[in-house]
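In order, the protein sequences belong to chains A and B. When the letters of the first sequence are read in order and numbered with our numbering, they come out as residues 1 to 570. When the letters of the second sequence are read in order and numbered with our numbering, they come out as residues 1 to 185.
Derived BS3-like pairs (lysine-lysine); straight-line CA-CA distance at most 30 Å:
(1) B/Lys68 <-> A/Lys220
(2) A/Lys347 <-> A/Lys220
(3) B/Lys53 <-> B/Lys132
(4) B/Lys161 <-> B/Lys132
(5) A/Lys399 <-> A/Lys220
(6) A/Lys203 <-> A/Lys308
(7) A/Lys288 <-> B/Lys53
(8) B/Lys53 <-> B/Lys161
(9) A/Lys399 <-> A/Lys65
(10) B/Lys68 <-> A/Lys288
(11) B/Lys68 <-> A/Lys308
(12) A/Lys308 <-> A/Lys65
(13) A/Lys308 <-> B/Lys53
(14) A/Lys203 <-> A/Lys220
(15) B/Lys132 <-> B/Lys92
(16) B/Lys161 <-> B/Lys68
(17) A/Lys203 <-> A/Lys399
(18) B/Lys68 <-> A/Lys65
Okay, the calculated bits of chain B under chain A, using three or more residues with CB under 8 Å as the criterion:
(19) 11-20
(20) 58-71
Hints were generated in silico from the structure; no laboratory data involved. A virtual CB, placed ideally from N, CA and C, is assigned to each residue, including glycine.
Given next are the chains, with one letter for each unit.
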Amino acid sequence: MKLTGAQILWECLVREGVSTVFGYPGGAILPAYDAMLDYPIRHVLVRHEQGATHMADGYARASGKVGVAVATSGPGATNMVTGIATAMMDSSPIVCITGQVGSHLIGYDAFQETDITGVTLPITKHNYLVTRPEDIAPAIREAVYIAAHGRPGPVLIDITKDAQQRSCELDWDGAVPRPHKRPERRPHPDDYARALALIDQAKRPLILGGHGIMLSGAMKVVREFAERAHIPVAMTLLGIGGFPASHPLNLGMMGMHGEAWVNTAIQEADLLLAFGMRFDDRVTGNLKTYAPNAKKVHIEIDPAEINKNVRVDVAIVGDLRNVLEELLPHVAEGDRSEWLDWIASLKGDSAVRDIQNMPDSGHLYAAHVVHDLWHATDGSALVVTDVGQHQMWEAQYYKHEHPRSLITSGGLGTMGFALPAAIGAKIARPDAEVWAVVGDGGFQMTMAELGTIAQERLDINIAIINNGYLGMVRQWQEFFYERRYAATPLLNPDFAKLAAAYGLTGATVMKRPDVIPAVQAARAHRGTVVIDFQVEQEDSVFPMVPAGADLHAMIRRPSASPIVETSADP
Amino acid sequence: MIDTHTYVVYVEDRPGVLNRVASLFRRRGFNIESLTVGHTERPGISRMTIAVKADRTDAQRIEAHLYKLVNVISVEDITTAPSVLRDLAMIKVAATQESRGEVMQLVEVFRARVVDVAPDSLVIEITGTEDKIDSLIEVLRPYGVIEMVRTGRVAITRGTKNGAATAGARSSARLSDDAGVSHSV
Ligand SMILES: Cc1ncc(C[n+]2csc(CCOP(=O)(O)OP(=O)(O)O)c2C)c(N)n1
Ligand SMILES: [Mg+2]
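So here's chain A without its partners, still in its complex pose:
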């Protein structure tokens, strides 16, 4: 039986296990939208195509499945660019489907023609321009495979309108992804031996846990590995959740806003075991002085990451879980109490007191809000953060026990990510308690998606950390530009009223004692609640390693400040 290209598109997506897509219609994708009605697909109508890509991304990160976004040609497609770049930087598996003008019009600057495969070439794992219905099934099947396989990432399929309209036979089996021609990359046995020898000899080893832990599902084996060898674990921002925060071997987050003891431990270590992380400049600081005494072992699926930023002594290219499962039986049981005690002694001087014991000074600090949110949600919420100070406070004060419980834009640092990504996450995991923690700046970049929430009747809670500033930029201006606040103060709307305008519930919190009740009320409420937490305006995130500075050269919290750095065990 012949199907139109549009029907083949949905038939293939359904057979690939896709049940939900996030999209926005338009002329060049209309045939696909028309055909969609006959397939068991939930279509979430977004308010901006950037939102569709972040939703697909949030969906993918929350579930581990491929997220799908759909848009029309021209402006619909270009609106996806930010979301695609975000997914690329954070290795998130999404497939974007765009309509394209008729194949006879390509190259003629037709209405709403954009060379979107050209535009997205460097920000996709792969992309396709499909001009014939016969090519749709192979493109879809291969795209889903490529997005999810190896190091995940975004794939875009641009389908001309005539390819959607014309008909052909669907050859499902013939469209099976071509055998991957890549040489199978199996680690060299010598390198296992060398890695094991280094682990054996190390007195001050440290595991650096990254996003790869989640992507390869290596939580269990990482934990066993760390416990057996008695090696503490430091997390990258995207690694958070890959190792339980409450575990005695978990040190917390490393890098620019990492805890002082974590960065100090890295600088003093004699062995770094990098597990599925890529030595981003936000975690290394100055490469010349980075972990000068440490041997480095890099376990990473992408060979292009090896020796990119940091030269390593042993590199094992492969899936983290597979590699660790092979290594684990050969790892000697260790006792690194001396090293762990030394690190613990560092905490003593940074962890003066726990913020939960801080007397209420009459000010509402963002750190309090995050801490209380953690407390009130039993640390078990799926939190989606935006980009800025609140993102770092969340990473510092919300203790994540489970994988895929923190979703945030790390590599690209995309403001506007949180709200749509939280929508995608909630749709992927309807039973999860989803909180978006978002700055007043970033919220306003994609707040139109409140409309999507209302239309889809979603139950997400949104904590706006409202400091009246583009806070992170303001902080840099305070530290490095003599407090000249160029273009960082914000005049904000009444966010609670805004929520009400969408038929959602709004609340405003200005005092510490009101935080937990507001959070509990939001949790009890069926439907989305937007809480406007009006926090201290000129607060800063500490500690801070200035960009490019040595990792140990941290700006510490001034002692006069009413918030202290957290203690290790909250």
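Dock chain B with the ligands against the given chain A, drawing on the hints supplied.
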């Protein structure tokens, strides 16, 4: 140490593949010295010879990045492999009644060929290594080089092994021992 690395890259013969490869080098800041592309003995597969200046670490990263392109079938850095490198040039040089004889002699010495003769000029064709072609151009310059075209480097390894045939089953040599990189294969 920065050297010129020569890669033989087999790719699927599809629209846009050249663009993907070129874009990769641009995006990662690697400077292509020369890039040639043409059909192979196998339909649907093209072969590129890419020459690029890079140190060892970058050379490995280039190979790894090339492999990330879906349309790339195999990559071989033949820099240190015994191989034959060739470039082809056609040079239009001014040749008057008086100088023609001397130019012809040079052509002879370089084992080049004259492929067109006009009243005031000759077109000379030469194949050889880049060095050899550079030297010919140097000695022709005084006579007046009017126009010139070069193909860029093509390369093939010596011996019976076929790069395309080994695609997907490369030798298990480790790419770098001192760096401890084991994307062995
Ligand atoms: C799309 C985008 N534009 C600009 C930036 C640069 N930037 C990084 S953090 C930040 C301020 C964020 O302000 P807000 O959302 O209020 O969060 P806060 O830092 O105050 O918590 C800006 C402008 C960015 N990361 N993303
Ligand atoms: Mg703000």
